[in-house]
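*Asks:* Chain residues, written in single-letter form:
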Amino acid sequence: MLTLLKLFQSFVRALHSDGTPQQVAAGVALGAALGLTPLMSLHNLLIVALIFLLRVSVPGAILGWLIMLPVGFLLDPLFDAMGSALLINAGGLQPVWTAIYNTPVLSLSKVNNTVVLGSVVGWVALAFPIYFLARIGVRGYRATLGPRIERSRVVRAVRTTKLYNFYRMFQP
Amino acid sequence: MKRPRLLRWRAIVPLGVVIALLGLVWWLLLDRIVELGIEETGAVLVGARVDLESADVRLRDGTVALRGLQVANPNAPMQNLFEAEEIVADVRWRPLLEQKVVVDTVAVRGLQFGTAREESGALEHPHPQGGLVAREVSAWAEAARVPQFRLEALGQVLDIGAVDPDSLRTLGEARALAARADEVRATWDQALAALDPQPHIDSARALAQRLEETDLGGLNVLRGARLAGEVQRTLSDLRTVAEAVEALSLTAQASLVDLQGGLDGLVAARQADYAYAIGLLELPSLDTPDVSPAFFGDAAIAWVEPVLYWLRLAEQHLPPGLDPRRYRGPDRPRRAGTTVEFPDATSDPRFLLEYGELGLELGGEGVAAGAYLAQVTGLTSDPALYGKPLELVVQRTGAAVGPSDVAVRALLDHVEAPIVDSLAVRLAGIALPSLDLGGLGARLVMGRGTTDLRLARTGDALSATWSWHAPQANWERLPRTGSEEPGTEAAPIGMRERIDGLVWRTVSGLRDVRIEVGLSGAVQQPALSVRSNVGEAIAGSLRRELGREVASAERRVRAEVDALLSDELGRARRSVNGLEAQYRREIEATLAALDAVREQLERELPGGLRIP
Chain A
79 MLTLLKLFQS FVRALHSDGT PQQVAAGVAL GAALGLTPLM SLHNLLIVAL IFLLRVSVPG
139 AILGWLIMLP VGFLLDPLFD AMGSALLINA GGLQPVWTAI YNTPVLSLSK VNNTVVLGSV
199 VGWVALAFPI YFLARIGVRG YRATLGPRIE RSRVVRAVRT TKLYNFYRMF QP
Chain B
-16 MKRPRLLRWR AIVPLGVVIA LLGLVWWLLL DRIVELGIEE TGAVLVGARV DLESADVRLR
44 DGTVALRGLQ VANPNAPMQN LFEAEEIVAD VRWRPLLEQK VVVDTVAVRG LQFGTAREES
104 GALEHPHPQG GLVAREVSAW AEAARVPQFR LEALGQVLDI GAVDPDSLRT LGEARALAAR
164 ADEVRATWDQ ALAALDPQPH IDSARALAQR LEETDLGGLN VLRGARLAGE VQRTLSDLRT
224 VAEAVEALSL TAQASLVDLQ GGLDGLVAAR QADYAYAIGL LELPSLDTPD VSPAFFGDAA
284 IAWVEPVLYW LRLAEQHLPP GLDPRRYRGP DRPRRAGTTV EFPDATSDPR FLLEYGELGL
344 ELGGEGVAAG AYLAQVTGLT SDPALYGKPL ELVVQRTGAA VGPSDVAVRA LLDHVEAPIV
404 DSLAVRLAGI ALPSLDLGGL GARLVMGRGT TDLRLARTGD ALSATWSWHA PQANWERLPR
464 TGSEEPGTEA APIGMRERID GLVWRTVSGL RDVRIEVGLS GAVQQPALSV RSNVGEAIAG
524 SLRRELGREV ASAERRVRAE VDALLSDELG RARRSVNGLE AQYRREIEAT LAALDAVREQ
584 LERELPGGLR IP
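Chains as they are written, first to last, in the working numbering: chain A, 79 to 250; chain B, -16 to 595.
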């Protein structure tokens, strides 16, 4: 329940934040990496650092993570197959993997695992489509639906309730 | 419009602080992380719980100290494969950045094997690949187990009813043979009916008769030519029919050879059925090679099982060559996937122990109780990268119970395929185990003696001999349970008391006991052989005393099996023999008739009427 509430908050904050649609979309694209790839990986530490260092929307990144988390689980068989194709079946790439596997720090990235490699490649391939779709979505929302929702009696009424104050307590 | 800046400069310091905090937490929890890592990795490797009391990692000194390591036995969860009081390792830190562990030296103190556990070492959720080697070796041991020698069988009533006729191979084969003979007969009948040679023979005979009665000299040219043409057509017709019958004859002969082969096969099947029926009655074989495994088979398997386990484990975890290696990925909420390792000729192995000293303590009064020092060099997961074989030398450091002479040397050369392993163990003056030989109602107390193990492995081929010599063995009688008391059933083979007395007299006089266990063949499924002077002596005595009676019992079993088989065997024989007779009666007779009438026609036809 709390996760759903937080997902909803991230969604609302991302759409209504001061960030530009590009910043929100970039946040969603970077956050997608956390959801699509196994979380406890070295590259995700880098992604988190990038989310905080680059001027991208942090709520957008959280939104991207939470949305892509179940997608990552669903796509695991595909990522496994992609990773197998690259790690095991693509003999020509073996020198690359050998170099990565035997390079300090890089070898900690665990890209020698089929699911990690497949999901990283999958995220790289999906990052730009996710960015563009998110940017279109945020722009469209802010131009049409957003102001109307902000002005709606329901939202104004909800904002005066104690339930809204409770909701604000859990804002990220 | 103002373009937003790319970086959040103000975030750098907080991010740095967060990363530093994470580093601090990692450093504070490092000991626990190492502890958990060893427990989890060990459990996957062994297939049973691995418990570690504490781990102490000192990054500045490059040392790791592990205390209270217990590795449970996957086949006996209340027992440890081994436990170590303390392990102190000097670890190089740089390879750790490549997820590799290179240990310059390690000192193991208080290493003990086969100690009891306080709680079960079985895993609640075993890793699918964990303990695979242990399971395979256990499966081999189960398959290799030899039924114990049972003197009771010598005194039992022969119960032929125990032989299920349906389980006799001969019956099935005899029925199938008779059915095949019936099929062949039907095929012949059909083929002969289709050919129907009799009208052709009759017609030719009639023509021959006409020729004989005709004055050929008085025929004019036209009639003579017509008659000659008729004769040639008939001869041609006879040749065609004869060729078809000959073809049928060839097929029939092949079928007969096949069926005769089936009859010969029934003889072999009957021999197998005799062996099966005799085996059901558990009459002991008195051939020497069979008797020793029945006495010492279980002990031999218990001795060689750990050797095979460690040998197979070394094969699995110390593979030769530099090919990429695949393992199941880590357990996590996401799919595990496959982790592939890519060894590089110029880099460090994934795991390397350059030199280790292990202080072994083998407790109790068992085979090798005592204190030892083991020195191991070149233990690595990538022997091809290390380039040298693993060497293990064990020497005695002193013990009250232990052996007076110890020589253990192992060399595992896995640098390149085929892997070559050799192991030589000689322990002299050790307390050899006592063996309960329940089947004989006696315990063999081997006392002090010598054990000698020689093992050589090249690729998959294994050859090993493990000999045990007890020059001053003693024998103790085991108390008999009520059910084992000799009964008063009818028709016993020999008297139980007599057999007991005989066996006891034979073994109790044996002071010098030698047992030799052999392993040969593929390392995954080696053949086990056991020889002993005890088995030879008992077999010799029993053969002298009971050989005639056992032979008589076996004759009775054979007679009973013959009685069960006689109907079906007779039917199969009759079918095949009947078919042979039919072949001679119908096919050979037809061919003979065709030949005879053809010859008659050619004889009756004068030269003047022959058409070239």
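No lab work stands behind these hints: they were computed from the structure.
One should not assume that every hint holds.
To be verified - Calculated Cβ distances over 12 angstroms to all of chain B for the following chain A residues:
no.: 1; residue: Val126
no.: 2; residue: Val134
no.: 3; residue: Pro155
no.: 4; residue: Leu165
no.: 5; residue: Pro173
no.: 6; residue: Thr176
no.: 7; residue: Ile178
no.: 8; residue: Pro207
no.: 9; residue: Tyr209
no.: 10; residue: Arg213
no.: 11; residue: Arg220
no.: 12; residue: Pro225
no.: 13; residue: Ile227
no.: 14; residue: Val236
no.: 15; residue: Thr238
no.: 16; residue: Tyr242
To be verified - Where chain A lies over chain B, by a calculated footprint (3+ residues, C-beta under 8 angstroms):
no.: 17; region: 120 to 126
no.: 18; region: 388 to 396
no.: 19; region: 443 to 453
For every residue, glycine included, the Cβ atom is placed at its ideal position computed from N, Cα and C.
*Asks:* Next step is simple, just say for each hint if it's right about the structure.
*Replies:* Outcome of the hint check:
1. The Cβ of A:Val126 sits about 9 angstroms from the closest Cβ of chain B, inside the 12 angstroms cut-off, so the non-interface label is violated.
2. With 12 angstroms as the threshold on Cβ separation, the claim that A:Val134 sits away from chain B is violated: the shortest Cβ distance comes to roughly 9 angstroms.
3. At roughly 7 angstroms, the least C-beta separation between A:Pro155 and chain B is not larger than 12 angstroms, which violates its mark as non-interface.
4. In this structure A:Leu165 is not separated from chain B by more than 12 angstroms, as the shortest Cβ-Cβ distance comes to only about 5 angstroms.
5. Listed as a non-interface residue, A:Pro173 fails to keep its Cβ farther than 12 angstroms from every Cβ of chain B; the least gap is roughly 9 angstroms.
6. A cut-off of 12 angstroms between C-beta atoms contradicts the statement that A:Thr176 is not in contact with chain B; the least separation is 4 angstroms.
7. Not every CB of chain B lies more than 12 angstroms from the CB of A:Ile178, the least distance being 8 angstroms, so the non-interface label is violated.
8. The non-interface label for A:Pro207 is consistent with chain B: the shortest C-beta to C-beta separation is roughly 22 angstroms, beyond 12 angstroms.
9. Against the 12 angstroms criterion, A:Tyr209 stays outside the reach of chain B, whose nearest CB is about 15 angstroms from its own CB.
10. Look at A:Arg213: its CB is around 14 angstroms from the nearest CB on chain B, clear of 12 angstroms, so calling it non-interface holds up.
11. With a minimum CB-CB distance of about 15 angstroms to chain B, A:Arg220 clears the 12 angstroms threshold, and the non-interface call stands.
12. The non-interface label for A:Pro225 is consistent with chain B: the shortest C-beta to C-beta separation is roughly 20 angstroms, beyond 12 angstroms.
13. Listed as a non-interface residue, A:Ile227 keeps its Cβ farther than 12 angstroms from every Cβ of chain B; the least gap is roughly 25 angstroms.
14. For A:Val236, the non-interface assignment is confirmed: its Cβ lies about 31 angstroms from the closest Cβ of chain B, beyond the 12 angstroms cut-off.
15. Residue placement check: A:Thr238 keeps its beta carbon more than 12 angstroms from all beta carbons of chain B (closest about 34 angstroms).
16. Against chain B, the non-interface label of A:Tyr242 holds: every CB pair exceeds 12 angstroms, the least being about 29 angstroms.
17. Counting residues of the region 120 to 126 of chain B whose C-beta lies closer than 8 angstroms to any C-beta of chain A gives 0; at least three are required, and the coverage claim is violated.
18. Check on the region 388 to 396 of chain B: 0 of its residues sit with their Cβ under 8 angstroms from a Cβ of chain A, so the three-residue criterion for coverage is violated.
19. With 0 residues carrying a beta carbon less than 8 angstroms from a beta carbon of chain A, the region 443 to 453 of chain B misses the three-residue requirement, and the given coverage is violated.
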